[in-house]
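Colleague: Listed in order, the protein sequences are those of chains A, B and C. According to our numbering, the first sequence is numbered sequentially starting from -19. According to our numbering, the second sequence is numbered sequentially starting from 2. According to our numbering, the third sequence is numbered sequentially starting from 443.
Just so you know, these hints were derived from the structure itself, not from any lab. Be aware that one or more of the hints could be misleading.
Covered stretches of chain C, as calculated for chain A (at least 3 residues, CB under 8 Å) [to be verified]:
#1 489 to 495
#2 529 to 536
#3 669 to 676
#4 1183 to 1197
The beta-carbon is built from N, C-alpha and C at its ideal position, and this holds for glycine as well.
In case you want the letters, here they are:
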Amino acid sequence: MAEAILYDSTKCTACRACQVACKQWNELEAEETTNRGTYENPPELSASTWNKIKFTELELNGEFKWIFTRLACMHCEEASCQNVCPTGAISKTDEGFVLIDQKWCIGCGYCVQACPYEVPHKDEHTGTARKCTSCADRTSNDLKPACVTTCPTGALTYGDRSSLLSDAEQRVAALGGSATLYGENELGGLHALYILEDSPEVYGLPAEPQVATKNSIGQWLSGLITAGLITALPFWFIFRRKDQIAVGDANEGGAK
Amino acid sequence: MTWTALIWIYLWLAGMAGGAFLAAKAVGRFSGSKDDSLLRLATWLGLPLAILGVLLLIFELGTPLWFWHLFTQFDFTSPMSMGTWILIVWVILGVTMLATWWLEGKVSQEAAASLASLRKLISRINIFFSAALIAYTGVLLAVSSQSLWAGTILLPALFVVSAVSTGVAALVLAALGLNAIADSGMAEIKLAINQIFGSTEWKTPKEMIVRLAEADAAVIVLEIAVMIGYVIWLATSTAGSDALGVITTGSMAAPFWVGVVLLALLIPFGLDLTIRNKAAEAKGVMMTIVTSSLCVIVGGLILRWVITSGGQL
Amino acid sequence: MTNHWIDIRNADRIMIIGSNAAENHPISFKWVTKAQERGAKLISVDPRFTRTSSKADIYAPMRSGTDIAFIGGMIRYILNDLQQLSPAQRATKYNLTYITQYTNAALIVNSNYKGPGDNGDGLFSGFSASSSGTPGRLGSYDKSTWQYADTNTPATDPTLLNNTWTDWDDLNPKCVLRLLWEHYSRYTPEMVSSITGCPEADFLNVAEAYAESGATGKAGTIMYAMGTTQHTYGTQNVRSYAVLQLLLGNIGIAGGGINALRGTSNVQGSTDMLLLYHLLPGYLYMINHNEQTLDDYLATARKGRGIVTPQGLAGDKSAAWWWYNEDDPNSKKYIVSLLKAWYGDNARAFNDFGFNYLPKKTSTDDYSHIAIFEAVAAGIIKGMMVWGQNPAVGGPDAEGERKALEKLDWLVVTDLFETETAAFWKRDGADTANIDTEVFLLPAACSYEKQGSISNSGRWAQWRYKAVEPIGTAKPDLAIIDELTLKLKELYEAEGGPHAAAITRLHWDYRTTGEYANEADPNAVAKEINGYTWDTGEVVTSFTGLKSDGSTVSGNWLYCGMFAADGHNKAKDRDPVDASLNQIGLYSGWTWCWPVNRRIIYNRASVDFNGQPWDSEHPVIKREAGAWLGDIPDGPWPAINEADTGSKFLPFIMHKEGVGHLWGPGVAEGPLPEAYEPWESPLSENLMTGVTDTEAKGTPGFNDPCCYVGDLDGMNQRGASDEYPCVGMTYRLTEHWQAGQMTRNLPWLVELQPQPIAEIGEELARDRGIENGDIVEVSTARGSIQAVAVVTKRFRRLRIGNKDVDQVGVPWHWGYVGYSTGISPNGSSGNILTPHVGDANTTIPEYKTFLCDVRRV
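Please build the complete structure, drawing on both the sequences and the hints.
Modeller: So, in structure tokens, the structure goes:
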């Protein structure tokens, strides 16, 4: 059955207990950070930071806002990382969560480049790509993901995707205004759903994310056709003159 | 940065290898010559480059010892998986071709004839794999979520043209190098080359070298056209123009303008223009060709650096 | 908290002021969020736009330290509304029965009373300035003119009770509601805006939205914390909330109350158990030196605390002042049971149950944190035990307190890690050669390494179990104190010493069997706190069962009842079923709370004269067929209309007059909160009182007239606004805990907040040439610290009077020991900046407002 994590940004107080719970459960190292003039840290997701809250100060309709966004694996139905993985190390669980098999990943880094949300990162120590697993080791034992379990406000919930979707729709309707539900249809449907007060762009989420392999055929054709043209045109142009160049003629200096 | 120098050097080497092969094959086709020593040179040049590239790639992996996992999977949607197989086939076909050349002088004339026709068949098949190989160097990047790479479909085209350009330049330099050896007194080296080529005929006529340089100039014209198309295409989207900004005005701007625009494109094109209608023996022609080819090769490397790194910033 | 965490969900209006609940009490937002989902409006009033503000429906900025002006303005808004409305409308928009019958609104006050507006000196009647200089209080009051005109049977104003007034002049000039108006009519929106810097429109927005919770059946809650209390007039800040809440009928009801969000998990428990110097466990009064016998003590306790019965109210009995009644007073039962707990067989009737073993204080002595450090600095205190505290980071004027520690002969620090306090002699600039203090560091077990109870802000005593064994030689605090006490007993028995009996006669017997064969068993301590019969050891199940003859033991009468008759500890109960009326979330079977498991105190104020709830949707208690349903009612007596004349109990049982205190004659600096300036103010004239600041150490009437001003051996300097033009404040971040010993040593938390910060607004940053992320220096008259500048729109420049004032915020978590330390060698604690001054009533330090300047390093 399809499961999902629902993040309601309107309930998130950015306490970041989820960030710490994630590190604790998954035994991820702390990063050495500095303050860069913001509460937000670490600066990016990384191999040892699978879940972080992004802080944004902005004015919306003339009103000052401090908004928060969860960054973690979206567990896309059409998962770019899975598509490009050359070894088949990336798979999807029955619940819809995307996992990187740490015993099979060779650390080529392709998923890192392919993810539309910049989620997987290569781990210097293990050599593999790592990211949020939606705590598969917990959820397969009837526990909720660590981040959801620790969330004090109920901003994070976990459960059956379709029932979360209907909850989320109600919540968005209740919020009214420009409130948005994100993740229902993006990339075939995400298993991380978002309730946003405004448009996804305001939160730094791509409004129309594309699967990395969307233009694969076009890209291959671009290369192959160009290869054909580039081999044909200039060489035909230069070498069409039939004045034969006998290689042997020049071989008088050779080692006969 | 996930993909470091090893990756862009690899893309450059593989492109050069495939590009050289394609160019040599094209020369053979359009010049109508039955002599395939240029192809032999291209194959001998390309294989070590490609294999070196593969080694770099393996070294870039997080878990190099598990590289064999790549060969357990054949996945059309993963360019890297496809690239792995293209590369392996390309190497096998190339090695087979080399073997036929090597054996040719050592077997009966009949057998030699069938070896030659086998080689011809393989080399035709390898046209496709060479094309696929150099296309792959671009597709690998283009099938991603990095705007600089995936924002257009012209990146594979750009890398392909550059691959052929660098491939021709590499052929030119290799041919000139062999000619220099041939003209020198290094007997042992000549003997060794005779042995590995399976032939004593490996000197390239100057005229051919000049033609190759001219062909490279023509390739560069197309490369400039593709580059312009690539830049304009990117500039029309928000994400694309942000990404483009990194290489045109951002931290990669210097290598882009100097290394790519000047070194890979304008300078070699200009140099090649100066030898137009000059005799191969004319003073400075070979020097100009050497300079131009070096520019193309180094410029090709910088192009891959700028694009690979710039795309990840 | 009068109410409890879960109850926040029942509110219709939530005002968070003096608290950053989302950051410092994250779990509170579980319930705030639930209330918002129901349609409640969240109001955030704060000098800074915080993570709390980010979730608020209405945000209002204010200058730090101007709560009374802000709340006073809200009180004026409501009073003005009451007067403007017709009597009929008045009764619809507000719970008029509650205001007039359940508070002292109608009571008549002494005719000699004068307010701060009357004399032009900003002072209430009865003030005399202190002559003793610092350290000490600026002055004190003779409170006699603040009392009711008739102190035993106060009269009421019938015009107010009958709701027949239209103009203020219709009311008795000395009735509380009219005095309230005389006082707060000065707090006009323009005045509020001028003092607080909050734009008038924002202020009115808050006042209007919050006043809506005054309707019968509506609830508004105030959540506050250290932003409220840590001021020279912190107690009056809380008082202003109480006045507001009583006017809106918000005390005693579900979703209402005044809710102090406690600063750490067990502050409530430590308060209950006596960690305040002026109280014994269970809020019994501390003994004064002139009380030589138990009877003396009880006589003082009773003095002036006889039953007061207001006349003319529907309720006619306030015998709820049961604590000090004449024959066999409860106070005696509690103190004797306490003494019996401490001295056991050595507590007998013939020796006043060991009464004279206890230490005594003079009535004026102050043993608060500030005063203790004044005494250390003055060389009076020679040895110190610092237990789970880190004054070198957390104390006010921290560098001054560090310097004071140098004068100690010995210092014992008990903590999880080496703290700045333990390492004070290693700090930058310490003259080690001239420090003779012997320092002992005792490693303590953390909360997961021991069992015991904590009492949360909602007064719930919750038992926690040990999860893992302590690391190394670390021990639970209880085991350490047990070992130490037994050793002390041994030494005093062998060697004697001054007042040795106080130690040698202690009944100290907490070791049991098994795991606790060789260290104190927290279960044994819990049983003693609850109480038991001395002879049989059977638990006493209610404080009504405690005896004054020495036959019962109870370490804290308030906790009597935590144990059930079968001897099991209800703090260990975890019944997840909410059996309350309409499931308002009392969860009465989940742990146990004092008093008598009453989840919402003053809950008799939540019902009308017939015992029917004002809010039928959220009934706390309800009278049905002669019985109370729901929460444990505040006293078992029937509803007012059901009771016989003379036994109609008024709802506020802890007040001698049985009604809520709009008028509060017991507080040090006045019966009504008045807007004084912080000790260090950007103004030279108090805009409310008109008093100018003329005295070097603080001016009564400009400043709080009774606040405590320290000296700290000359370290407590007072800055002026020409040199230090910005208003500074300290606070905590979600990611760190208090003085940081527990969090600055955890890499995962350090990753989140790696360095001390100074938050400033964009205007100030522009003026000072500071870019986001620069290292800046924040300085006050007492010291300076370096921090990373966080330049943000969340800090606004405010217009105060006729000048622009910028605010600077610094967290105080950092120090010079641990995994994450400050930027400047002094550890960058915000408390390097704070003054050694304290609240007029509690001497809690003024951590929240001071003058500072900031510059780029």
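Colleague: Against this structure, judge whether each hint is valid.
Modeller: Okay, the hints, checked on the actual structure:
no., hint, in the structure
1, 489 to 495, "holds (count 4)"
2, 529 to 536, "violated (count 0)"
3, 669 to 676, "violated (count 0)"
4, 1183 to 1197, "holds (count 9)"
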